[in-house]
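Novice: As a plain string of letters, each chain reads:
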Amino acid sequence: MKTADRGFWARGVSEALRRFGPLAALLLMGLALSLLSEHFLTFDNLLNVFRQSAVNTLLALGQLLVIITAGIDLSVGSILGLCCVLAALLVKAGAPPGLAIAAALAAGAGLGTINGLLFTKLRLPHPFIPTLGMMNVARGLALVITGGFPVSELGGGFRYWGAGAVAGIPAPVIVVVCFCVLFHVFLTRTTLGRDIYAIGGNRQAALLSGIPVDRRLALVYGLSGFMSAAGAVVLAGRMNSGFPLAGVGAELDSIAAVIIGGASFFGGSGTVLGTLVGALIMGVLRNGLNLLNVSAYWQTVVIGVVIVAAVWVDVLRQRATEKSRAARR
Amino acid sequence: MGFRNRRCEAVALAAALVLAGGCSRVEQTKKLEIVLVVKALDSEFWQRLKSGAEAAARADPGVKFAVLAPEREINIDQQVAILEDQVLKKVSALAVAPAGVAEVVPVLEKAKAAGIPVVIVDTDVPWPSRVSFVGIDNRLGGRLAGEYVLRAIGGQGKVAVIRGVMGVATQDDRLAGFREVIAQAPGVQYVAAQPANSERALGMSVMENLLTLHRDLRAVFATNDQMALGAMEAIAARNLTGKIVLVGFDATREAVRAVQAGRMSAVMAQYAEAIGRRAIEEAIKAARAQPVEKRVDIGTALVTKENAGEFLR
Chain A
1 MKTADRGFWA RGVSEALRRF GPLAALLLMG LALSLLSEHF LTFDNLLNVF
51 RQSAVNTLLA LGQLLVIITA GIDLSVGSIL GLCCVLAALL VKAGAPPGLA
101 IAAALAAGAG LGTINGLLFT KLRLPHPFIP TLGMMNVARG LALVITGGFP
151 VSELGGGFRY WGAGAVAGIP APVIVVVCFC VLFHVFLTRT TLGRDIYAIG
201 GNRQAALLSG IPVDRRLALV YGLSGFMSAA GAVVLAGRMN SGFPLAGVGA
251 ELDSIAAVII GGASFFGGSG TVLGTLVGAL IMGVLRNGLN LLNVSAYWQT
301 VVIGVVIVAA VWVDVLRQRA TEKSRAARR
Chain C
330 MGFRNRRCEA VALAAALVLA GGCSRVEQTK KLEIVLVVKA LDSEFWQRLK
380 SGAEAAARAD PGVKFAVLAP EREINIDQQV AILEDQVLKK VSALAVAPAG
430 VAEVVPVLEK AKAAGIPVVI VDTDVPWPSR VSFVGIDNRL GGRLAGEYVL
480 RAIGGQGKVA VIRGVMGVAT QDDRLAGFRE VIAQAPGVQY VAAQPANSER
530 ALGMSVMENL LTLHRDLRAV FATNDQMALG AMEAIAARNL TGKIVLVGFD
580 ATREAVRAVQ AGRMSAVMAQ YAEAIGRRAI EEAIKAARAQ PVEKRVDIGT
630 ALVTKENAGE FLR
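Going down the list, the protein sequences come from chains A and C.
Take 1 as the starting number for the first sequence in the working numbering and just add one per residue.
Take 330 as the starting number for the second sequence in the working numbering and just add one per residue.
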């Protein structure tokens, strides 16, 4: 009786940690920073944090899908760079902004789908390989088609999604909120979403239960590429430039956001809310340390520590859960 | 000053690590807050520019000063985020060495809207609202480098350039000045301008490739010292030291010592400390609404084995 009781409580705490741990960490961090800097907890600054986290959040949403299937997408930063310059070149060539954006999104989705097909059709051993290849191909192409030069001064219409605002709320923030809602509904309320969790939980079992695994994987990588392009549209608009080195290293930031947000590297778990919180934790850290005039080098150190700490807490939690299960038996 | 900064860093770090903690608010003072945001701090050039800037800030007891930078020169979006956060703090004046010429303009506009005067440092931007530009005439520097190369190779042979990120005015201007001069020599074949992102390791691998492609290469102009030092290692690895003319740009101590030792032929001087010092002096003036010099040219000079000693003092 006593042990069962203890197990019950341990499970409760463990479940709460899993669901709200990252959020609690974010709030604590916010509290600490608002004590350290009077600029932190202002409406304008919180908008700044959201705006600065927008691109990483968009990439991380795509990365989340991939990581739920126990995969990894190393090409998101490069696809972002390529889509940035594609959209910018089209705008410069006189294309209407809507067309340039649509073309960039289509290119992103296409390149992502190629990642998925390379993985499933060529039976490459791990998604690391095709996406590592794509990371180089897309970056190289971005440099080739621009000769390495940034394509800047893009004009008002195109810049809307990066630099515009609705009723004082920056457009990138609205984009992020919309995609978060869409992805949340997609993952939790649709058969496709459940298929994706099933593939990550146990690919063989998913296959045996009739899920078209290869098609779902192509979709997942396609969506990740699409989100990279969405990030590109926001970034190019924000910076008024499509620069071929945009998003160098962004793949690692997006993976970090997903992992800090509580998703498992072994697949089968991960939530949109967690990923959003993970991206915001990184954004809040960078912004807060900027406000305190702490050098970018220290920011990198701190983010590294947070990644390891977040996963370690998760490991401790899982161990506690297993112990309580064992105790019940 | 440095001590307080470091203590503040430590406090911030500790707080972030334990995800909690209380600390007294930074005390409110009426000091001017001047912030210098550069492209990176990963080379001697930026470190020296920083120390010149710090000296200028120290000389004025009414100034609180900080230097910030993204991790690498190519992280333009990180620099934009740093600038946004400084604009939000409504600092008294900003001095900015833009990592991307067009990319920083939107955030500079925000600074202007917030009433923050901006001094542009090192790399000029086509933004008329800057209160001052402090730097050198990079085109002239490129021309002087070109004239030296022509003399050194007797106006004959293959010449290559290793350059920094495309579309950055300093780099474009140095290259343009260099090409202007080289184009006038009919005996010179201009073979390539390869980008190496102002990084040393890339400078080395680009040089290795150039040496493989062009066995009869006579001279290389690297548009900053980091790339030149990388190229120098590649040249040395093939036992070509002294046989290929190598010219750098910045005159960091390491590069000047290499010139003195004959491992590099020449280097264009940038008086980095003076650039930093004058930039902050102008920024302080702007913050106090005093008249500011619209353009401060620090000047450049050719450093060769003969005069290298003067630059090491």
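Honestly, the hints are just simulated from the structure, not real lab data.
Just so you know, these numbers come straight off a predicted model, no measurement behind them.
Possibly wrong hints are sitting among the right ones.
Said to hold, decoys possible - Listed below are several chain C residues computed to face chain A (Cβ distance under 10 Å; list not exhaustive):
1) 398
2) 403
3) 433
4) 435
5) 495
6) 497
7) 512
8) 513
9) 516
10) 518
11) 520
12) 521
13) 582
14) 583
15) 586
Stated by the list, open to error - Every beta carbon over 10 Å from chain A, so not counted as near; a handful from chain C, in silico:
16) 361
17) 387
18) 400
19) 410
20) 411
21) 431
22) 432
23) 485
24) 524
25) 526
26) 591
27) 603
28) 631
Glycine residues also receive a C-beta, built at the ideal position from the N, C-alpha and C atoms.
Novice: Now tell me, hint by hint, if it's right for this structure.
Specialist: Going down the list of hints, with the structure as the test:
no.: 1; hint: 398; in the structure: holds (6 Å)
no.: 2; hint: 403; in the structure: holds (5 Å)
no.: 3; hint: 433; in the structure: holds (8 Å)
no.: 4; hint: 435; in the structure: holds (5 Å)
no.: 5; hint: 495; in the structure: holds (4 Å)
no.: 6; hint: 497; in the structure: holds (9 Å)
no.: 7; hint: 512; in the structure: violated (20 Å)
no.: 8; hint: 513; in the structure: violated (25 Å)
no.: 9; hint: 516; in the structure: violated (28 Å)
no.: 10; hint: 518; in the structure: violated (21 Å)
no.: 11; hint: 520; in the structure: violated (17 Å)
no.: 12; hint: 521; in the structure: violated (13 Å)
no.: 13; hint: 582; in the structure: violated (22 Å)
no.: 14; hint: 583; in the structure: violated (21 Å)
no.: 15; hint: 586; in the structure: violated (26 Å)
no.: 16; hint: 361; in the structure: holds (15 Å)
no.: 17; hint: 387; in the structure: holds (16 Å)
no.: 18; hint: 400; in the structure: violated (5 Å)
no.: 19; hint: 410; in the structure: violated (5 Å)
no.: 20; hint: 411; in the structure: violated (5 Å)
no.: 21; hint: 431; in the structure: violated (3 Å)
no.: 22; hint: 432; in the structure: violated (4 Å)
no.: 23; hint: 485; in the structure: holds (29 Å)
no.: 24; hint: 524; in the structure: violated (5 Å)
no.: 25; hint: 526; in the structure: violated (8 Å)
no.: 26; hint: 591; in the structure: holds (33 Å)
no.: 27; hint: 603; in the structure: holds (24 Å)
no.: 28; hint: 631; in the structure: holds (28 Å)
Hints 7, 8, 9, 10, 11, 12, 13, 14, 15, 18, 19, 20, 21, 22, 24, 25 from the earlier list are contradicted by this structure; the remaining hints agree with it.
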